[in-house]
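*Asks:* So the sequence lines, in the order shown, correspond to chains H and Y.
Under the working numbering, the first sequence has 68 at position 68, and the numbering climbs by one with no breaks.
Under the working numbering, the second sequence has 192 at position 192, and the numbering climbs by one with no breaks.
Honestly, the hints are just simulated from the structure, not real lab data.
Don't take every hint at face value.
Unchecked claim - Label-pair restraints from in silico Cβ distances:
hint, chain 1, residue 1, chain 2, residue 2, range
1, H, Ser210, Y, Lys282, 52 to 60 Å
2, H, Ala213, Y, Gly42, 15 to 23 Å
3, Y, Ser47, H, Gly203, 17 to 25 Å
4, H, Thr225, Y, Leu256, 28 to 36 Å
5, H, Tyr13, Y, Lys232, 21 to 29 Å
6, H, Cys102, Y, Ala36, 39 to 47 Å
7, H, Ser210, Y, Trp411, 30 to 38 Å
8, H, Asp235, Y, Val184, 24 to 32 Å
Claimed, not checked - Derived, one-sided and incomplete: chain H residues facing chain Y with beta-carbon distance under 8 Å:
hint, residue
9, Ala23
10, Leu24
11, Phe33
12, Ala39
13, Lys64
14, Ser69
15, Tyr74
16, Asp121
This structure is a prediction, so every number in the text was calculated from the model and none was measured.
From the three backbone atoms N, C-alpha and C, an ideal C-beta is built for every residue, glycine too.
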Amino acid sequence: MEKKEKSFNLKLYAAVAFFAVLALLILITALTFKAKYTAYHPEEVARNYVDTIAQTGDGYNAYKTALVSKSQKYGDFIREYYMNPVIYRDTAYKPGDDIKKCGYKGYNEESCQGEKTKNDDGSLQGQVIDTMYDYYVELVSNGWDDYDTIFAKYFAKLVEVRKEVFGDDYITDEIMFTALEGNVATYGESLTGTEDEFDKNTGKQTSFKSIGAYQTAYGEDYKLTTTVKTEKDMDLSAYKAGLSAETLATYGVQADDIRAVKCYTVAVSTADGKAVTEADVVVAQIKNSWYVDNTATDTSSLYGFCK
Amino acid sequence: MKKYMKKSEIWTFGIGLFGVALMTGWMPDYTATFFADFAFKGKGFDSDVMANMISLVFLVAGIVGAVCELVIGYLVDNTRTKFGKVKPWVGFGVVPLALVAMLVFVAPNTNSQTAAIIWMFVIYSLYTAFSCAVESPANCFGSLCSPNPSERSSAISIASFLRSVGQSGGMVVVLVVGLIMKAVMGEQQYRNAEGRGLDLVISTAVCALGLILFTMIFFTNNKENVPFTQEKVSLKDAIKVVFTYKNLLMVSLTKLCGFGRGVYGTVSLYIAIYLLGSKDLKLALLLPMGIGTAVGTLLVNLVLKKFSTKQTFILFCVYGASSMGILFLVSRGIGFNDGLIIPFLILNFFCGLQHGNTNVTPNIMIADCVDEIEYKTGKRQDGLAYAGYGLFSKVASAFTKGLGPWLLYTWSGYMVSTDANIAYAAQTDATLNKLLMIYTIIPAVFVILQGVPILFYDMVGEKKEMITKALEERRAAAKLAEPSDAENA
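If we strip away everything but chain H, and leave its shape as in the complex, we get (with noise of 0.2 Å):
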């Protein structure tokens, strides 16, 4: 009988590469992903929450991981629980209104902009920055926590420091997420110091050195670490049962959402192991992501332990 020649079947080849590369793509992604997505690891979701505020004293973006953020991006939640009302504060806007649809006016049109605002090149602006800062070191003394009290207040003394400055009432998103995010970054610039800056194409000097809390309390070279201490399984039921459904509802969330929840200690040391302060951090799980609880966890130890 005739031996039929083997020939390489191309097709076959081409399916098995396909299927082979598919598995080994998902597999990696994955992986990858359930690394560095810390949402899935509650011990990481508290420690980093830590960290973020220790290290620069920012309790502003450590919220994007609080259940404050789980439904919508934490711009969009600042935006219109706080931002719209100052900015449509002379209608009848609430929370929740689609903004073009009620036919709201702001303060954010541009007939609302005076000569000064037209023509600042940036300058006005940083000074109205510069004149902020003080108002938000006050505001912030006991840390992040109460962040309704700091929100509308700082808004609200915004529109005044603006108003002197500028001479009019206009105000935008804009103006008052560069204030707030500008102040958040100058206060952590006190706390870690900062480096001469020069320009890499002029060779200007861009921003020069300071001495940061933090480097006077622990050393120029200090270095701030953060680690879980104990870890908690907590009772789901009686937690549930002290949750303000009116908060909750703010972050569309539900009670029922919450499928566990556990509380951290995390402690925060210099680089020689010593321990400057700590922190209980609650975690509840959502589906299959962990957030802390940021209306059952005390950062204030968090704020100012360097003095």
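Once you have looked at the hints, place chain Y on chain H.
*Replies:* The following block gives chain Y in isolation, referenced to the frame of chain H:
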């Protein structure tokens, strides 16, 4: 003249190049941002050292790529298999390429900056080598798909069009991946994942999958219709092919002479900010040019039906330089204000048309040069011919990357903002004028320069017809002389 390709083959060749371009177009820019912004986030590495090292990674990868172009070209021309000499490189090379590309976006969890830097050098050089091993042969398939120059030109035109679409495909992938992630995870959780570069990881996986899928369609459906010659190619021959055949050298020199064409890319962000009023308009600025490029790629195919490759190339060079000159004059006439936005974007589309020429015509010319070299030497050296062109392209690209920033930051007198609250400082009129020149007049000069070598190109008209006919006869005679299967048995 006889047709050699099935209709589906013309399209699947393009689909294959689309798949390769999807991956190779995605990688450089997004790798740079991944290395700089996400790979070692929070590790506390010195940012200046990392920035310098990332530049060096790409410089080294460029050198690796240039060397690999020649090595792969040489190896391709010495490959003899029943599938042909190019197809095995593409069909079998995509599997490791897809996996290595994916691994570029999986950074090691290390606290050592030295280890991180070594990893960047190794993984990206490895990726560059594998991408050369697939992309270079895939591009040179055009000269092997058909001995019929007219059929070959059509196939190359369509493939070049799909390749240019594929090069920007990654931008769509990352957009769609982002939308899906937002829908699944919620806005803020998506932002958190994006902050760790996870959208880039998923987008790379999608591009890698696209690479495999589209390349396998090509691999199973297309065949090489130009038989390879049996003589082995020596290293000496390889160098000779790249640097001594006049017509091939002239086509390669277009890249080198026109290296400054691409400096407009360096300044596009600043054109959007200072001339059009917002950095958000950068995409709006590049989109009409991208659409113009795609339309230009198809347009070239029509022009080639009426004119020779030489005439087409020169015609588009003159057109390209003129369109950029007009853009300059119109911009100066209207002034840098809101009224400029619409005319600028429309003219940008017309400026984009010329890029269709540089995407298509040189590839057709190289295929013709391969015929000429085979006619003269009896050896068909597709791999080396395309490798030579690729080598010149890489050198030209390195020059562009050097010239662009020099023009922008030194020659134009650009002032950097020193105020923390002001992102971009106000510029003088002289600087704004120079920015506009970097976008229009300077590339226009290089567009003219790239046409100069083609004035000496002569693989057209009667000579081309004579060579095509002679090769056809030679191949027919070789086929007759081959011992049949029965005789072999």
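*Asks:* Give a verdict on every hint.
*Replies:* Now the hints, each set against the structure:
1. Ser210(H) to Lys282(Y): 52 to 60 Å: Roughly 35 Å apart at Cβ, these two residues miss the hinted range, so it is violated.
2. Ala213(H) to Gly42(Y): 15 to 23 Å: Check passed, 22 Å falls within 15 to 23 Å.
3. Ser47(Y) to Gly203(H): 17 to 25 Å: holds (18 Å)
4. Thr225(H) to Leu256(Y): 28 to 36 Å: Given a distance of about 53 Å, which is not inside 28 to 36 Å, the answer is violated.
5. Tyr13(H) to Lys232(Y): 21 to 29 Å: holds (27 Å)
6. Cys102(H) to Ala36(Y): 39 to 47 Å: holds (43 Å)
7. Ser210(H) to Trp411(Y): 30 to 38 Å: Given about 35 Å between the Cβ atoms, the range holds.
8. Asp235(H) to Val184(Y): 24 to 32 Å: holds (31 Å)
9. Ala23: violated (11 Å)
10. Leu24: holds (6 Å)
11. Phe33: holds (6 Å)
12. Ala39: holds (6 Å)
13. Lys64: holds (6 Å)
14. Ser69: Because about 4 Å separates Ser69(H) from the closest Cβ in chain Y, which is inside the 8 Å limit, the hint holds.
15. Tyr74: holds (5 Å)
16. Asp121: holds (6 Å)
Against the hints set out earlier in the document, violations occur for numbers 1, 4, 9.
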